[in-house]
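Work out the full structure, taking the sequences as your base and the hints as a guide.
This is what each chain is made of:
Number of protein chains: 2
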Amino acid sequence: MRDTLDTQLNVLTQFQPDLPAAYRDSEVVFLANIDPALQLSVLDQLKGPRLVACDTMNFWLANARPALLRVLERVDLLVVNDEEARELAGVHNIVKAANAILKLGPKRVLVKRGEYGVLAFEPGAMFAMPAYPLEEVFDPTGAGDTFAGGLLGSLARAGANGSGAALRRAIAHGSVLASLVVERFGLRRLWDLSPADIEARRQAFLRLTDFHTL
Amino acid sequence: MRDTLDTQLNVLTQFQPDLPAAYRDSEVVFLANIDPALQLSVLDQLKGPRLVACDTMNFWLANARPALLRVLERVDLLVVNDEEARELAGVHNIVKAANAILKLGPKRVLVKRGEYGVLAFEPGAMFAMPAYPLEEVFDPTGAGDTFAGGLLGSLARAGANGSGAALRRAIAHGSVLASLVVERFGLRRLWDLSPADIEARRQAFLRLTDFHTL
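In order, the protein sequences belong to chains H and U.
Take the first sequence: its position 194, counting from 1, is numbered 194 in our numbering, and each next residue is one higher.
The number in our numbering is simply the position in the second sequence, starting from 1, with 1000 added.
For the record, the hints were derived by calculation from the structure and aren't laboratory data.
A portion of the hints provided could be inaccurate.
Here are the simulated SDA-like cross-link-like pairs (lysine to any residue), alpha carbons at most 25 Å apart as the crow flies [what the hints assert, rightly or not]: (1) 103(H) with 124(H); (2) 1096(U) with 137(H); (3) 1047(U) with 1157(U); (4) 1096(U) with 184(H); (5) 96(H) with 1137(U); (6) 1096(U) with 203(H); (7) 1107(U) with 210(H); (8) 103(H) with 1208(U); (9) 96(H) with 61(H); (10) 1103(U) with 204(H).
Here are a few chain U residues that sit away from chain H, every Cβ distance over 10 Å (derived from the structure) [as the list claims (entries may be wrong)]: (11) 1026; (12) 1027; (13) 1035; (14) 1040; (15) 1061; (16) 1102; (17) 1139; (18) 1142; (19) 1159; (20) 1161; (21) 1172; (22) 1187; (23) 1213.
Please read these numbers as outputs of a predicted model, since none were measured by experiment.
The beta-carbon is built from N, C-alpha and C at its ideal position, and this holds for glycine as well.
In structure tokens, the structure reads:
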């Protein structure tokens, strides 16, 4: 047991991502939740991406903060949950926490609040997107990563730098996909998802939140 | 001490609201949180109001459920928090809980979620309004009642029956007032509130939530 764990840790600590040549000029990059030292190594291999987004977790906040702070200086979009935002900033109020994080480097901070949706903070602007209220949440696993995937897919397709109207549309798209993925086990709901399914849920989101066009 | 408590309980149990004649033809009525037997007594004194809204709390759910169910049969708009909705319906999922409550009589159910805002359920439609993210919440006391006051004030002024677009606008107005009242102690923030202050926060709410007009 102890030997197995040591072997696993060795594999993990020896892991050094080596990006294939074709990936090095990626325009949109998502640094998923992993050791910030590896996130830095990935950043160093990239040829000036247009948009870098980043996820992290409490473990790195507590155990690799210096490296994480170096990552944040190079990130456009930080995607964290509310507890991570609080721990990173060292303050409980979520508006204060987000504003403190904006001073660490990220141009925008997205705070995921599970069933309550997402808050997005830009300098001088906030955006709130509720989660879609569902009668059945079959399996919430992967909802946060699906949100991030939809978010970045939308920004990549729009050729956008992750601010303003494009960011809001991307948050809506990520929220739509996350609301669908939890309806079945794992990522199965995404396998047979059609553009019409996505558009139908997007329209439902618009109806859910609309008091602008009344 | 014991005598004082008994006296207080006697006063409470002997309290029978007797509406002044001028109040009996009120068009819009809010049955605030009190013994459902008294809410029923108030309803019996009214001459066919256009809109009846109702609040309640866990204590009555546990200790006066039969009377409360008789109240709900005569209510247009139930305003409760998420825990009360769950306890009333006996189901955890908030969509299922709201739909179960709609079957008990109320034409609409508004579920307050504190710092996360409000969900409104009508037959076949949902509306989500986030709370305004504030850097300082000085005192949350009275936020729920301020929300209800703003909600009903808006519906009364619009001559509305509490559905559709008028309900959404009313929820926005209640949310605006609630977001202001928590900025100072008690209800003091309301004392010197100007129409311009209210409109400014309403515009901030529109900016906070807008991905409809992009």
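Broken hints, by number:
Going through the list in order, the structure violates hints 21 and 23 and respects the others.
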